[in-house]
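Residue 242 in numbering that gives the first Met the number 0 is what sits at position 243 of the sequence shown, and the numbering runs on without skipping anything.
Derived by calculation from the structure, the hints in this document are not laboratory data. Do not take every clue at face value.
Pair by pair, the computed Cβ-Cβ distance ranges are [to be verified]:
| id | residue 1 | residue 2 | range |
| --- | --- | --- | --- |
| 1 | Glu69 | Leu174 | 29 to 39 angstroms |
| 2 | Thr135 | Gly237 | 11 to 21 angstroms |
| 3 | Arg191 | Thr132 | 53 to 63 angstroms |
| 4 | Asp140 | Thr181 | 15 to 25 angstroms |
| 5 | Gly193 | Arg155 | 16 to 26 angstroms |
| 6 | Leu152 | Gly54 | 17 to 27 angstroms |
| 7 | Met178 | Thr204 | 43 to 53 angstroms |
| 8 | Glu122 | Tyr210 | 27 to 37 angstroms |
Idealized CB from N, CA, C, for every residue including glycine.
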Amino acid sequence: MATGLVAAAGRGRRIGAGVNKVLLPLAGAPILAWTLSALRASPHIGALVIVVGEGDEEAVSRVCQTLGLECAIARGGETRADSVRAGLRVCLDLGSELVAIHDGARPFVSPEVISRAVLLAAERGAAGAALPTSDTIKRVDSRGRVLDTPRRLGLRSMQTPQAFRLSIVWHAYELAGEMAATMTDDCEVVERAGYPVHLSSGDPTNLKITYDIDRVLAEAIAADRAKPVPADPTMDWGPIREPSTGID
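Throw the hints in and build the complete structure from the sequences for me.
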């Protein structure tokens, strides 16, 4: 069983939210409520650690309490790498052996996707959910001139969870130092530390809500899903944030 580490410290700049996007509404509940409910549904996730941005602690705690979940909350840093490090420190304090790092803005991860990543990490040390790339990818220079076209057969689009033996991912982040901020996912940090990383099957509906169009798609998916409900009917989610009109 792995500790679920939820990276939820982003400010939603690309979506134009101006607030933490995991607190934006999705079919009547915060995005984070969907994500936590999905993780809770997995038999391979135990404790939950949520890394949040400054000022979001109370709102995130309210979501956890409304779901009836006991979650450890850590303060995030300036970069995603700093935030993941903060969460990993909590996992160390909890005595975790396995950790599954998941984007807070991926609300539809299935138990099957979680299980595949966690079980593969338990066996081989490091694993991440991924999908075959359907689009043709071009590598270009700074002027937009095409340099080459990698074959799609060997390309994968990464998702989360990305799961690891805690000793491996912690060591990798220590080795990376400040350079971890230039790496785009946790698997890359582990790869660059010299550890082999294996990929498990993701799911097309396990989308990350990054842009406005993703919220539209997420609402369509949510219409066919069971919605998160308060553990206590007398409780609610509290004020659900609405996006601002500009990008901060």
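The hints, checked one at a time:
no.: 1; hint: Glu69 - Leu174: 29 to 39 angstroms; in the structure: holds (32 angstroms)
no.: 2; hint: Thr135 - Gly237: 11 to 21 angstroms; in the structure: violated (45 angstroms)
no.: 3; hint: Arg191 - Thr132: 53 to 63 angstroms; in the structure: violated (21 angstroms)
no.: 4; hint: Asp140 - Thr181: 15 to 25 angstroms; in the structure: holds (19 angstroms)
no.: 5; hint: Gly193 - Arg155: 16 to 26 angstroms; in the structure: holds (20 angstroms)
no.: 6; hint: Leu152 - Gly54: 17 to 27 angstroms; in the structure: violated (45 angstroms)
no.: 7; hint: Met178 - Thr204: 43 to 53 angstroms; in the structure: violated (33 angstroms)
no.: 8; hint: Glu122 - Tyr210: 27 to 37 angstroms; in the structure: holds (35 angstroms)
When each numbered hint is compared with the structure, violations occur for hints 2, 3, 6, 7.
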